[in-house]
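Student: Letter by letter, the chains look like this.
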Amino acid sequence: MSMQISSRILRLPGDTRQLLVKWGVALLVPIVMFTFAWSGETIVNQVILGLLSPASSNYDTPSLIQAAIFILVLYATVLALSGYLVAADSGRRKTLSLWLDILVFVIVPLFLVITNGLILGMAFAAIIWVLFFVVRNRVFHAKPSAAPTSVESLMLSDVEQKSLLMSRAIAAGFWFATVFAVISLVVDLIFFFTGQLPPVLLIWVVVRTLLLPVAGYFLGRLGGLIALRRVISNQQNGNSEEVGGVDKEKQLQVLSTTRLAEEARDIVPNDLPLRSRGAQRFYLILLAAFVLFYPVLDPFLFGSGTAGRLSGYGDAGYYVILALGLNIVVGFAGLLDLGYVAFFAIGSYVWGIFGSNQFNILTGIAINPQVLSALFWPMVIVTAMIAALFGVLLGAPTLRLRGDYLAIVTLGFGEIVPIVFLELDKYTNGANGIVGVRSPAFPGVEWSTFTPVPFYYLILVLIALVIFANIRLRDSRLGRAWVAIREDEIAAASSGVNLVQTKLFAFASGAFFAGVAGAYHAAKLGGVSPDLFSFGDSVIYLAMVVIGGIGSIPGVIVGALVVYSINEFILAQLDTLAVDPSSIIHPIYNAIVQVVPGFTFGNIRNLVFGIVLVTVMIFRPEGLIPSARRRRELHHTAADGAEMGSLDPPSGSSDMEAEMHVE
Amino acid sequence: MTLLLQELVVGLSTGAIYALIALGYTMVYGIIELINFAHGDVFMIGSLISIAIFGVFGINAASQPQGLALVGLMLVACLGSMLFCALLGVVIERIAYRPLRNAPRLAPLITAIGVSLILEDIGKLWKGVSNVSFPQIFPSTTYYIGDVSISSVNILVFVVAVVLMIALQLFVSRTRTGRAMRAVAQDREAAALMGVNVDRIISITFFIGSGLAGAAGFIYGLQYGSTIFSIGLYLGLIAFTAAVLGGIGNLVGAMLGGILIGLIEAFATLIPSSILPHGGAPWHDAIIFAVLILILVFRPSGLLGQQTPEKV
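Just so you know, the sequences run in chain order A and B.
The numbering used here puts the first residue of the first sequence at 1, with every later residue one more than the last.
The numbering used here puts the first residue of the second sequence at 664, with every later residue one more than the last.
Chain A with its partners taken away, still in its complex shape:
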């Protein structure tokens, strides 16, 4: 049969002006919303006023500079993104459906976050997303499904087309910036005439209005360049590029639909430019800038209470590390570990005992507290090594067991460890736990359990290192051996994978990261006690991995954040709202209490996680953000598109099935 490439790789230049309007509106609304309805404008004005007269500003110069860098990165990225998206857009996606997506996925969450704060806003947004998906799937299924039109062959971009795309990108950047500059000018003038804008800033307004279009021109060009780096070219002059292009085309033609969809994300123009790999880089830049400068931005964005929020995010961070560590054991190697909390407990206790007076009491060696704090850095490694050692000790005798027996043994281990810490009170101070655990020390940083900012940055660094290690492990020979074991132990062993050694490495690496998280946890809390580590915690860690997507690194990070938010924040927040007569939760709460006296949202934590675990396993076993491999395993046809910006035709149409078999 003639090879048909599905609709996802497409071309056919639409009308440039239409594209500009389409993407211009899609990007302008959120950015204007951020600038004027939220804090963008405030941050800029504060930064300029503060830098002009440092004495009169509420903020110190370093944080103003940080805020300035963030603002620059933000707007520059958005401008470049506009160029990229216009160049990468195939014109197949209809304008209205794109705007609907932007509304649901960007504007509504932005609005909810502005009104409700970050976590609660995202939670409400998540509910709306779920509803949106349900409705959209209904609509798709209700419509008589027309098979997606197929493109006969890949269309390759020639020089002429490339230059067309480039000129579009530049036009997009320029016009987008110009319109934004004009809108800002108008708004600022209104502010000025109503007396809300200090006259000093008028100079800035003028500079900005002139500068923005120029910046837009160059950044649009930059976006276009980024887009065109990944174009399949078809040049007629016989140089090596032609071979490359044709090869690529042939390669793509023999892929299955699912693989093709993945590969096509790299190709420009793209059916789903918002989900293409290039666009994802822009999101990463935005995310990195936001996370990096968050402590400075927080007071601008969410007002008072920064310290409490930062401390909360610091806690969320060790959930992320635990999720990544457990993901190695459960996700990569497929060994169900129900006692992961044991390694976390061991890590906590190692630094807890060493980093407090307990060490002096036990050994009689007195260490200068300043030195002790500085010893945190080497001790993180030592702690993690000790945890890894216990991982090996537990693993060595038990790894011969089949999967579900292993689960029970690890569960037993997870139960034993806290009991040991509880009952060996000579060393661990028993049920009272250890108090006065020291925070790390770093030159020039004031660091204690009452300063959340250093802990925030510490956990960022730790997370970055752990993610890096995870990616390297996943892509290493060892990582492939893990996956092989997960898929089929006997086949893996037959292919020369040393089962025991490979599994031991999985256990040890998982335990290692739990040890890192434990040391951080003990230092941040300033203490440890045995009741912090129970089977319930192990289950919560498992929930993070399952919800996020077993084996997927970005997935488990999101899973950890979701679980943290539900566990530590949302349920408590709902309880506060429930007793507030003016909230919408209040009548619902009252109705429930009529039936179930003693109901509180904090009480149903396990119920929520239980329902989530069951529904995820039954309806979306690959998790929120599945790893590519698992997605392919579980959905042979095209992905069902639960991610941003997907308006793919419904999957499973007959010609796609046919293509599968061709492969």
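Treat the hints with care, as some may be off.
As the list claims (entries may be wrong) - Facing chain B, a subset of chain A residues (Cβ under 8 Å, in silico): (1) Val-420; (2) Phe-609; (3) Gly-610; (4) Met-617; (5) Ile-618.
What the hints assert, rightly or not - Simulated restraints on C-beta separations: (6) A:Trp-377 with B:Leu-957: 36 to 44 Å; (7) A:Gly-308 with B:Gln-727: 53 to 61 Å; (8) B:Phe-961 with A:Ile-588: 50 to 58 Å; (9) A:Glu-568 with B:Tyr-897: 19 to 27 Å; (10) A:Val-135 with B:Val-734: 54 to 62 Å; (11) B:Val-825 with A:Phe-619: 41 to 49 Å.
To be clear, the hints were calculated from the coordinates, so they are not data collected in a lab.
Glycine included, each C-beta is placed from N, C-alpha and C at the ideal position.
Using the hints, position chain B against chain A.
Tutor: Just chain B now, kept in the frame of chain A:
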């Protein structure tokens, strides 16, 4: 010596309860190779249901029914709890396990954990977070053999458990359905080819196993006089250990394992504080789990189980 014998009595009657719960684990594992994590919580729901049934008849902690009324009440509470739990087990299987029959092994295990969490919180919302007292309607008399005291409740618990276990053994070995169950456990596909309705047999297995957990919930209440929402997970783990100790998939093994675990737990309290800090009592969980780990490491098939080579 008296102390040892005394602990033997305690061990036998708690062991009987463990054995009843362990049977549910072992039956389900034997048939679909799933560790039914929710089983312990079904047991917990069973003990709460018994209290609720007593409540319907206006029985509270102070009531002292006599004669026929007593026997009738106990029967109604026990059978009611069994029936409710049995249906609960079937519903759980239908919702959480059946859709995943052909999924990777981890999947149903994770839903089982999820169901366990759900049941636990239902118990918590229903009866609160503290101990719930269980009406002690069975007249408690203490008999002495030498210096060893045996209470009437201990005897009742042991007798009920043994009767149920014998009934189960007869059911599985003598009836047509029991034969079908054994066939499905041996080879699901072959059984299906021989005309066994596999789904129905699995449902029946859950029905019986969960029913036994309901009975265990009832006699647990009689024995200890109180129950709590979190007991399910804890006792479930112990019972699972018992099932593994006896050889999972093996009914007689589960009974034997339950009694043995009960005895280990009882004798553990005799360990003096010179060996373990604070004596053996606070350590008994750790000891049980250590036993579990040791068995799994050195004899994964348990005491009575058969070594099954890994199927390719």
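Student: Does each hint fit the structure? Answer for all of them.
Tutor: Now for the hints, and whether the structure bears them out:
For Val-420 (chain A), the shortest C-beta to C-beta distance to chain B is roughly 7 Å, which falls under 8 Å, so the interface hint holds. The criterion of a C-beta within 8 Å of any C-beta in chain B is met by Phe-609 (chain A), whose closest approach is roughly 6 Å, and the hint holds. Satisfaction of the interface hint for Gly-610 (chain A) is found here, the shortest Cβ-Cβ separation to chain B being roughly 3 Å, below the 8 Å cut-off. Taken as an interface hint, Met-617 (chain A) checks out: its beta carbon lies about 5 Å from the nearest beta carbon of chain B, inside 8 Å.
Restraint check, Ile-618 (chain A) versus chain B: the minimum CB separation of about 5 Å is within 8 Å; hint holds. A hinted range of 36 to 44 Å for the beta carbons of Trp-377 (chain A) and Leu-957 (chain B) is consistent with their spacing of about 39 Å. A hinted range of 53 to 61 Å holds for the C-beta pair Gly-308 (chain A) and Gln-727 (chain B), which are about 56 Å apart. Evaluation of the 50 to 58 Å hint for Phe-961 (chain B) and Ile-588 (chain A) yields a pass: the beta carbon distance comes to about 54 Å.
Checked against the hint of 19 to 27 Å, the pair Glu-568 (chain A) and Tyr-897 (chain B) passes, with Cβ atoms roughly 25 Å apart. Taking 54 to 62 Å as the suggested C-beta distance range, the pair Val-135 (chain A) and Val-734 (chain B) conforms, at roughly 58 Å. About 44 Å separates the C-beta atoms of Val-825 (chain B) and Phe-619 (chain A), a value consistent with the hinted range of 41 to 49 Å.
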